[in-house]
Structures are given as structure tokens and as C-alpha cells.
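Produce the complete structure using the sequences and hints provided.
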Amino acid sequence: MRRTVRDNPERFSYHHNVLGLQSFSSGRFYCEVQVKEKTTWDLGVARESIDRKGKGPLSPQQGYWAIGLKNGEYTAHDDDPDELSVGDLEKVGVFVDYEEGLVSFYDVDDGDLIYSFTDCSFTEKLYPFFSPGGINSSPLIITPVSQSVE
8 MRRTVRDNPE RFSYHHNVLG LQSFSSGRFY CEVQVKEKTT WDLGVARESI DRKGKGPLSP
68 QQGYWAIGLK NGEYTAHDDD PDELSVGDLE KVGVFVDYEE GLVSFYDVDD GDLIYSFTDC
128 SFTEKLYPFF SPGGINSSPL IITPVSQSVE
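Mind the numbering: the sequence shown is residues 8 to 157 in the working numbering, read in order.
Some hints here could point you the wrong way.
[Claimed, not checked] Keeping only pairs whose Cα atoms sit at most 30 angstroms apart, straight-line, the calculated DSSO-like set for lysine-lysine is: (1) Lys132 to Lys77; (2) Lys43 to Lys77; (3) Lys43 to Lys98; (4) Lys98 to Lys77; (5) Lys98 to Lys132.
[What the hints assert, rightly or not] What follows is a set of in silico ranges between Cβ atoms, one per label pair, in the way DEER data are often shown: (6) Ser32 to Ser145: 31 to 41 angstroms; (7) Glu106 to Gly141: 11 to 21 angstroms; (8) Asp95 to Ser33: 18 to 28 angstroms; (9) Ser33 to Glu80: 28 to 38 angstroms.
Because the hints were derived from the structure by calculation, they are not lab data. Just so it is clear, CB atoms sit at the ideal spot from N, CA and C, and this is done for glycine as well.
Right, here's the structure in full:
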């Protein structure tokens with residue numbers, strides 16, 4: 008059943024995207040996201056001022072530092088997208104060090120680094136970013152492990 012909802016500036020118009028409730032503008036952030044049985048998803052962080060009404064790509068230039076799965080391929084959504092060579096992921100760790108300009112993604116089950124965005128220049132609030140893809144009904148399960156580490 009499709010619901011009609013009122014438009015507002017904080018709602019995404021064209022994608023099944025959502026931002027976390029809490030933002031951060033300093034320190035470190037880490038959470039884990041269960042992606043098991045999902046066939047399409049994206050996750051990472053996004054700056055507060057992202058364009059929520061456009062259809063632009065997920066990329067640092069657009070204010071997104073994210074990875075995802077689509078059509079059986081894992082991708083780092085860099086300005087020039089990188090295909091990732093990883094096995095089936097069940098749980099992804101997202102680590103951000105605001106001052107160091109670092110966003111890293113980990114395979115939680117085996118501790119391997121999946122991908123890192125380095126030398127990022129953060130100048131505004133960041134929010135956790137999630138897109139369940141809208142393809143299958145399996146949920147993304149988000150587990151905050153540590154809200155902020157100083």
C-alpha cells in the first residue's frame with residue numbers, strides 16, 4: 008500500500024533514502040548495519056546540506072560518503088565509483104573521524120577493511136545515511152555501537 012505524504016524540505020523526493028536523527032560535527036562516530044539478505048542498499052554518511060530533491064549521484068562531491076550493493080555488485084560511491092572485491096557482506100561497520108577527514112567501512116564479521124574515503128574536508132554537520140533500496144523487504148538493522156568517542 009502506497010502512502011501519500013506531504014512534501015517538506017527534509018524529505019527525499021526520488022529515492023528511498025533516510026538520514027539518521029543525530030548529527031555530528033566533531034570527534035569520531037561508529038555504527039554497524041546488518042545488510043544480510045538485502046539485494047540492494049547504500050549506507051554511509053551525508054552532509055547536512057545535501058540535495059534531497061534531485062536525482063544526482065551518491066558521491067563526495069554531492070556530499071555523500073557511501074558504499075552500496077546493486078545488481079550483485081558492491082560499489083564505493085566515490086567521485087569515480089569503484090567496484091569493490093568483497094564476499095557476501097552480512098554486517099557493515101561505518102567509522103568516521105571528523106577531524107582526520109576519514110570515512111571507513113568494515114566487514115564486521117571478519118574485521119576486514121572494505122573501503123576508506125581519506126582526506127575528506129568536512130565543513131558542516133554529518134548524518135548517518137541509509138538507503139534500503141526499495142527492492143526487497145529485508146530490513147537494514149542499525150546498531151549504534153558508540154555515539155561519539157573523544
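Pairwise hint evaluation, Lys77 against Lys43, where the allowed Cα distance is 30 angstroms at most: 14 angstroms, holds
Lys43 paired with Lys98 [C-alpha distance capped at 30 angstroms]: Given pair Lys43, Lys98 holds - Cα atoms ~7 angstroms apart, limit 30 angstroms.
Pair hint outcome, Lys98 versus Lys77 [Cα-Cα no greater than 30 angstroms]: 16 angstroms, holds
Satisfaction of the hinted span 31 to 41 angstroms by the C-beta atoms belonging to Ser32 and Ser145: 32 angstroms, holds
Restraint check for Lys98 with Lys132, where alpha carbons must lie at most 30 angstroms apart: 25 angstroms, holds
C-beta pair Asp95, Ser33: status relative to the range 18 to 28 angstroms that was hinted: Hint violated: Cβ distance 35 angstroms, outside 18 to 28 angstroms.
Whether the CB-CB distance between Glu106 and Gly141 falls inside 11 to 21 angstroms: For Glu106 and Gly141 the Cβ distance comes to about 35 angstroms; the hint is violated.
Lys132 paired with Lys77 [C-alpha distance capped at 30 angstroms]: Holds - the C-alpha atoms of Lys77 and Lys132 are around 28 angstroms apart, at most 30 angstroms.
Distance restraint evaluation - Ser33, Glu80, Cβ atoms, bounds 28 to 38 angstroms: For Glu80 against Ser33, whose Cβ atoms are near 34 angstroms apart, the range 28 to 38 angstroms holds.
Checked against the numbered hints given earlier, the structure breaks hints 7, 8 and satisfies all the rest.
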